[in-house]
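Modelling step: build the complete structure from the supplied sequences, incorporating the hints.
The chain contents come next:
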Amino acid sequence: MTNERDPVRIRRVLGNKVQFIQGDMAVAYGGLLAGCSFFGGYPITPASEVAEGMARLLPRVKGTFIQMEDEIAGIASTIGAAWGGAKSMTATSGPGFSLMMENYGYAIMTETPCVIANVQRTGPSTGQPTLGAQGDMMQVRWGSHGDMEAIALCPSTVQECLDMTIECFNLAEKYRHPVCLMTDGEIGHLREKVVIPDEDEMELFERVLATIDKDKFIPFSESQTRDSKVPDFPTFGSGYHTYVTGLTHNDKGFPATDKQPDHERLILRLISKITDDREKLTSVEEIELDDAEVAFVSFGASARPCESAVWEARKKGMKVGMLRLKTVWPFPRDVVTQLSKKVKKIIVVEMNLGQIYHVVKEFAVKDCEVILAPKVGGDMHLPHELMEYLEVSN
Amino acid sequence: MKKEVRICGFGGQGVILAGFIIGKAACVFSDYNSVQSQSYGPEARGGAARSEVIISDGKIGYPRPIGIDIMAAMAQEAFDSYRGDLREGAIIIIDPDLVPRNDIGTPIYRVQVQKIAEELGNKIVTNITMVGALIGITKILEVEAVKKAVIDSVPKKFMELNVNAFEQGLEAGTNARPE
Chain A
10 MTNERDPVRI
20 RRVLGNKVQF
30 IQGDMAVAYG
40 GLLAGCSFFG
50 GYPITPASEV
60 AEGMARLLPR
70 VKGTFIQMED
80 EIAGIASTIG
90 AAWGGAKSMT
100 ATSGPGFSLM
110 MENYGYAIMT
120 ETPCVIANVQ
130 RTGPSTGQPT
140 LGAQGDMMQV
150 RWGSHGDMEA
160 IALCPSTVQE
170 CLDMTIECFN
180 LAEKYRHPVC
190 LMTDGEIGHL
200 REKVVIPDED
210 EMELFERVLA
220 TIDKDKFIPF
230 SESQTRDSKV
240 PDFPTFGSGY
250 HTYVTGLTHN
260 DKGFPATDKQ
270 PDHERLILRL
280 ISKITDDREK
290 LTSVEEIELD
300 DAEVAFVSFG
310 ASARPCESAV
320 WEARKKGMKV
330 GMLRLKTVWP
340 FPRDVVTQLS
350 KKVKKIIVVE
360 MNLGQIYHVV
370 KEFAVKDCEV
380 ILAPKVGGDM
390 HLPHELMEYL
400 EVSN
Chain B
3 MKKEVRICGF
13 GGQGVILAGF
23 IIGKAACVFS
33 DYNSVQSQSY
43 GPEARGGAAR
53 SEVIISDGKI
63 GYPRPIGIDI
73 MAAMAQEAFD
83 SYRGDLREGA
93 IIIIDPDLVP
103 RNDIGTPIYR
113 VQVQKIAEEL
123 GNKIVTNITM
133 VGALIGITKI
143 LEVEAVKKAV
153 IDSVPKKFME
163 LNVNAFEQGL
173 EAGTNARPE
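Chains A and B, in that order, give the protein sequences.
Residues in the first sequence are numbered consecutively from 10, following the numbering used here.
Residues in the second sequence are numbered consecutively from 3, following the numbering used here.
Treat the hints as calculated values from the structure; they're not laboratory data.
Check each hint, because a few of them may be wrong.
Unchecked claim - Straight-line C-alpha distance at most 30 Å; calculated DSBU-like pairs for lysine-lysine: (1) A/K325 x B/K4; (2) A/K324 x A/K384; (3) A/K26 x A/K335; (4) A/K26 x B/K159; (5) B/K61 x A/K202; (6) A/K384 x B/K141; (7) A/K328 x B/K4; (8) A/K335 x A/K354; (9) B/K141 x B/K4; (10) A/K289 x A/K350; (11) A/K26 x B/K4; (12) B/K4 x A/K202; (13) A/K354 x B/K158; (14) B/K159 x A/K71; (15) B/K141 x A/K26; (16) A/K335 x B/K4; (17) A/K202 x B/K159; (18) A/K202 x A/K261; (19) B/K61 x A/K353; (20) A/K26 x B/K117; (21) A/K351 x A/K335; (22) B/K159 x A/K328; (23) A/K335 x A/K384; (24) A/K384 x B/K61; (25) B/K158 x A/K202; (26) A/K26 x B/K61; (27) A/K335 x B/K159; (28) B/K141 x A/K202.
Unchecked claim - Listed next, the stretches of chain A that the computed footprint assigns to chain B, with coverage defined by at least 3 CB atoms under 8 Å from CB atoms of chain B: (29) 27-36; (30) 194-202.
No residue lacks a Cβ here, since even glycine has one placed at the ideal position from N, Cα and C.
Next comes the structure, spelled out in structure tokens:
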């Protein structure tokens, strides 16, 4: 077993450059391309194919796949593997994501780089296993206890499942943070064309390892070697003695749980290392927004019927566009504010009863009306259902 | 060009693979965009199953079918259940041995795909025979592209059987007339 990324082997294992595969499998492909060498998880519909893909692919690149006893152990092993030097990931859906929440917070607190793919299905509880939803968009932001920041990306196509998984790994390494790919049962099970990027078409951000004198190393401060709030990483076994705890800790990593300033300083660094880069992390697609008077705001699967509705509306001469959020967290607040200054009305389309809607409303200017187009039950909005929202607008 | 295709039957007949092959032929071995989706519930294994493909020369937004242009059915239950959203003038293809109650008052294509597969030695290739028949009848894709997708998608040791099934289905479909 090795954590070394072997591009020749990876490409041999993945096969043809152009393939027709499911979104879940594209997540596994993206992981492999990013150099993931460890997957620990527990199968759950509609995310099982990610685990299946990894079980088939990882051993062939000398990586490790472990089916753990449950999702709690799945994320725990993923965190452990990261500290052992691996790029690591897990994948799950609703009930499993709920089980992972405590260790998700642990990964945030311990600044562990790893990737969690959540192929969302409806909930609460076991809900509708085979059907897609976007009901965990607030859970990924607030689901673990305490103050935290989240990084979450939402793919709308199978190609994006692959590309964004690579991006999730890059962001996980850059910010030393558990990064979530918030896909869903619709996109996870959809088959579409993917084009596997060549080596020179991909950018990989590799983990910044601790190199400073071992005596001088401070494991949980701003970096000692570059201008960054993210500390360099002391892989277990590399000789850097590091105490890793979910308790509030001082720069050296030791518990410091009884003084307000220690906690505040730590948490503000954990949050601001991400929010300082909000603009860099913002990734959106703008469709027909130049002269739009009404705009859909959507993400993931629900952006697809939105786009169809935009095309249909344009054919009818209606000035409608769409803002698609590829990064949902940290929330691209400036883009939304700017949009709200330009259009009269924003319609937030999501497969839940209103989650991102509230955030859009928070950052839209008062003159812009923000309404919600919700849908639950496992079906995407139909394009004509969205047209009805537009016709009411006119 | 935009076509919405549904292949349906019962779980285990390979309807997903059939849709997968058509989708792959369209976007990997031809220059179309395509998406393939499927519907099943956890309790529906063995029951009616369906696989749906959208083929388009433009970008595909909403990835599920809205009005089916072509439906191929290989089981009575599927034929009865999945007919609700056909577009007017949709092409319907059935195997009359698998869908005996098929008189719905409009002309449909009847191809005995299971019988062809059995004569080839294994009814497991009924689905691939149906893919051939569907292409022979509708001509939505180039034959060579679909044949490549068949070869690319089946186990090597069953390749010849599958290619034969595709070609025989294709011939039967080409000669079929709606009645």
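Taking the hints in turn, this is what the structure says about them:
{"no.": "1", "hint": "A/K325 x B/K4", "verdict": "20 Å, holds"}
{"no.": "2", "hint": "A/K324 x A/K384", "verdict": "25 Å, holds"}
{"no.": "3", "hint": "A/K26 x A/K335", "verdict": "24 Å, holds"}
{"no.": "4", "hint": "A/K26 x B/K159", "verdict": "24 Å, holds"}
{"no.": "5", "hint": "B/K61 x A/K202", "verdict": "12 Å, holds"}
{"no.": "6", "hint": "A/K384 x B/K141", "verdict": "37 Å, violated"}
{"no.": "7", "hint": "A/K328 x B/K4", "verdict": "25 Å, holds"}
{"no.": "8", "hint": "A/K335 x A/K354", "verdict": "21 Å, holds"}
{"no.": "9", "hint": "B/K141 x B/K4", "verdict": "13 Å, holds"}
{"no.": "10", "hint": "A/K289 x A/K350", "verdict": "22 Å, holds"}
{"no.": "11", "hint": "A/K26 x B/K4", "verdict": "25 Å, holds"}
{"no.": "12", "hint": "B/K4 x A/K202", "verdict": "17 Å, holds"}
{"no.": "13", "hint": "A/K354 x B/K158", "verdict": "56 Å, violated"}
{"no.": "14", "hint": "B/K159 x A/K71", "verdict": "28 Å, holds"}
{"no.": "15", "hint": "B/K141 x A/K26", "verdict": "27 Å, holds"}
{"no.": "16", "hint": "A/K335 x B/K4", "verdict": "27 Å, holds"}
{"no.": "17", "hint": "A/K202 x B/K159", "verdict": "26 Å, holds"}
{"no.": "18", "hint": "A/K202 x A/K261", "verdict": "48 Å, violated"}
{"no.": "19", "hint": "B/K61 x A/K353", "verdict": "28 Å, holds"}
{"no.": "20", "hint": "A/K26 x B/K117", "verdict": "37 Å, violated"}
{"no.": "21", "hint": "A/K351 x A/K335", "verdict": "20 Å, holds"}
{"no.": "22", "hint": "B/K159 x A/K328", "verdict": "56 Å, violated"}
{"no.": "23", "hint": "A/K335 x A/K384", "verdict": "20 Å, holds"}
{"no.": "24", "hint": "A/K384 x B/K61", "verdict": "24 Å, holds"}
{"no.": "25", "hint": "B/K158 x A/K202", "verdict": "23 Å, holds"}
{"no.": "26", "hint": "A/K26 x B/K61", "verdict": "21 Å, holds"}
{"no.": "27", "hint": "A/K335 x B/K159", "verdict": "43 Å, violated"}
{"no.": "28", "hint": "B/K141 x A/K202", "verdict": "21 Å, holds"}
{"no.": "29", "hint": "27-36", "verdict": "holds (count 3)"}
{"no.": "30", "hint": "194-202", "verdict": "holds (count 6)"}
Checked against the numbered hints listed earlier, the structure breaks hints 6, 13, 18, 20, 22, 27; every other hint is satisfied.
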